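Peer 1: Sequence:
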Amino acid sequence: MRNVAENIQSTWNSYLALRIVLKKEKNKK
Numbered sequence: 659m660r661n662v663a664e665n666i667q668s669t670w671n672s673y674l675a676l677r678i679v680l681k682k683e684k685n686k687k
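Per our numbering, the very first residue in the sequence shown carries number 659; after that it's consecutive.
These are computed hints drawn from the structure, not numbers from a lab. In this text, all values refer to a predicted model and were calculated from it rather than measured experimentally. All clues stand as given, with none of them false.
Derived SDA-like pairs: lysine to any residue, alpha-carbon spacing no greater than 25 Å straight-line:
(1) Lys-686 with Leu-676
(2) Lys-682 with Trp-670
(3) Lys-686 with Asn-671
(4) Lys-681 with Ser-668
(5) Lys-684 with Thr-669
(6) Lys-684 with Tyr-673
(7) Lys-681 with Trp-670
(8) Lys-684 with Asn-671
(9) Lys-687 with Arg-677
(10) Lys-686 with Ser-672
(11) Lys-687 with Ser-672
(12) Lys-687 with Tyr-673
Working from the sequences, and respecting the hints, build out all of it.
Peer 2: Written as structure tokens, this is what we have:
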């Protein structure tokens with residue numbers, strides 16, 4: 659079960675990072 663939680667956390671971190679990158683790209687234009 660712990661493995662699943664870590665996997666979800668990793669996916670969530672990737673999602674947040676992606677959102678930040680997209681936000682920066684939007685501000686650039």
